[in-house]
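> Sequence:
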Amino acid sequence: MSHSPFALPDSLSFKNTPALIGPDEQRFAEIAAAIDDQLLDTARRLADASRGGGSNNQERLDRDFAVRRLGARLRMLQRFGVDLCLGRMTPADGSEPVWIGRLGLADADGKRLLIDWRTPAAEPFFGATHLDPMGLASRRRYRWTSGRITDYWDEGFTADALTDDAALDDQSAFIASLGTSRSARMRDVLGTIQADQDAIIRDESHGALVVDGGPGTGKTVVALHRAAYLLYADPRLDERRGGVLFIGPHQPYLAYVEDVLPSLGEEGVRIGTLDDLVPESADAVPEVDARVRSLKQSLPLVSAVEDAVRFFEQVPEEETVIETEWADMRLTPDDWGRAMQAVEYGEVHNEARSAVWEEVLRILVNRYGEDAANARYLRRALERDDDLAAAFDTVWPILEAGDVLARLFSDPAALAAVAPSLSADEVALLQRQDPRAWTDADLPLLDAARLRVGDPGRFAAQRERDAAEAVERRYRAEIVEYLVDADDDGEGAIMMLRGEDSAALREKLVDWDSLPGLARDEVSRQFAHIVVDEAQELTDAQWAMLLRRDPSRSFTVVGDRAQARAGFTESWRERLERVGIRDVRERGLTVNYRTPAEVMAAAAPVIRAVLPDANVPTSVRESGIPVLHGSVSERDDVLRAWLESHPQGLAAVIADESFASSAFASHERVRSLTPVTAKGLEFDLVIIMRPDAFGDDVTGAVDLYVAMTRPTQELVLLS
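Residue numbering for the sequence shown is -8 to 710, as defined by my numbering.
Hints were generated in silico from the structure; no laboratory data involved.
Model, not experiment: these values are computed from the prediction.
Treat the hints loosely; a few may be bogus.
[What the hints assert, rightly or not] Just the calculated beta-carbon pair ranges, DEER-fashion:
{"no.": "1", "residue 1": "G138", "residue 2": "G43", "range": "30 to 36 Å"}
{"no.": "2", "residue 1": "D280", "residue 2": "G138", "range": "52 to 58 Å"}
{"no.": "3", "residue 1": "A632", "residue 2": "A592", "range": "57 to 63 Å"}
{"no.": "4", "residue 1": "P638", "residue 2": "R427", "range": "48 to 54 Å"}
{"no.": "5", "residue 1": "A186", "residue 2": "A224", "range": "16 to 22 Å"}
{"no.": "6", "residue 1": "R599", "residue 2": "A632", "range": "31 to 37 Å"}
{"no.": "7", "residue 1": "A366", "residue 2": "D55", "range": "23 to 29 Å"}
{"no.": "8", "residue 1": "I616", "residue 2": "Q17", "range": "39 to 45 Å"}
{"no.": "9", "residue 1": "S41", "residue 2": "P253", "range": "19 to 25 Å"}
{"no.": "10", "residue 1": "D53", "residue 2": "D280", "range": "47 to 53 Å"}
{"no.": "11", "residue 1": "Q69", "residue 2": "T110", "range": "21 to 27 Å"}
{"no.": "12", "residue 1": "A404", "residue 2": "Y336", "range": "19 to 25 Å"}
{"no.": "13", "residue 1": "A632", "residue 2": "V279", "range": "37 to 43 Å"}
C-beta: ideal position from N, C-alpha, C; glycine also.
Hey, can you work out the whole structure from these sequences and the hints?
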């Protein structure tokens, strides 16, 4: 390494001595050399894996998994230099210091240079406290800025740690860093994960872990780091077994946190919002009727949607006649009933078409096929018969999710039949002139319908693949027969085609890559674990969306009951058990690392007025800046003064419908948000317009509390 990574300011010159940083500089030089070597090696391995084939689906899946893993590591090595290193810990037993990294790293001789932060060996770096040092004498954390160390601080856990080789400052550098300027993306905080947060991150994956914490406690930090940790540490959750899904509250939130998981060395986590799981969300409009919204959020209506598919699976009352060149072939209602019995109740509708179709063909071939040869010919003819296909489509049609919901919203009798708990007035309330004019409240119901009816193109795709597979097998069988017939001596490799293993060998001769593919349904796929942030806002119908995608019921549920806009009078356990999650354990976060004490003193009474037992966290720092009050006419003056005096950082104006006409509407360091879209975000300055207009009910109090707890430095209330 040509230069030292240390770039400490003059005010920290006392930390810039060989005795303090010499061992670090030596280790950084070794890390830099190892990164150069591994860049070449990883690129070569990635190229080799990308060229690899696979004789079956599992081998191809393993190949793709290896390519993604190697690609992610290569991008990490390209993105970071020595700032892969988070810090070091010195064991109390006198052994050599251990350096902790975003990923594990060794040199060409196998010397371990960095320990991956997710390994058990790295746990003391995050979890050690003065009450439980976890075998450490001291710990050093670095603050990296643009690839250079601009500060570091040491924490001593034993009396022997107080030596000339430590820059002990009792975490003052860490506390100061909490108030540094914000940017458009979440700060990199891996190196400063605290013991209470780390214990939750490393908790086991079974059941549902609820993480309840007030504003600024690092809930989102914990959620993101836990997703990366679990995917690394628990082999039951890897991508081949479903992987991890991370659900955030809205798109501004996702844009804010999108860089966190890649910086943790993990690109395998699927991240999105609940709306991303429903294709119709792009055109959905807000549901304006509160009564309709409430009905659509309930589990009974979700069940009604799932049951409504049976309206499209009806045995015809009359006999079906298929005219062919041989004879008129008849299917009685009983025949259709037997064919439909090939499907178990609740099986995915569109995918079940294949079983019903096969049974229809079997019934006709058995009835009208005179012998084996004629039966094969008749079957092929029936498979291509347009009249039979049309009759089948009437009895078991290909469905879109919207077909099911539109039926219920346009047919009161159908809705009443599948939702007997609804009153006549409620049934009438859910009817509408355009049954396909989707609202946001329809999205969970559309999702229920989609997972019940399945992919509309699946049946056609499966038939195409089956036909191509049959042709491929016949072609390979003809080759095998030719080779066997041409084998005069009956010895050598050809004998393998005659033996008891011949079936397996013939199977390997099929060119699977040449067959039409069946696209993976990313919208309805299942996951091994789901992390949900801002989970206090989820309705019962939205929880049902997630339960369909997580059959193992393995969840990380992150939220704050005090930030639920619709109120949250139940306990977390009661809420989750009511929607079908039984194995629930709870952990709390009570320390506010983000919001200054001055701001929390003003915000706490707002939420406690409507939720006395709210989990209001304790701030660890003061900004020295009081909460300011003023007139709405001062908005631009406040922004102008702050921007002039703060060359870095972000400001947010919340609840200002007129901001689009402001001179600062397009300023790159100023955001205009609602209380809902501000959730999960943080800013240096927050201006709240007309706080008295938020309302005295639970929703108003929660919105104001959320808005007031976004700043890391200054809060201004303009009335």
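> Output the indices of the hints that this structure fails to meet, ascending.
Numbers 3, 7, in rising order.
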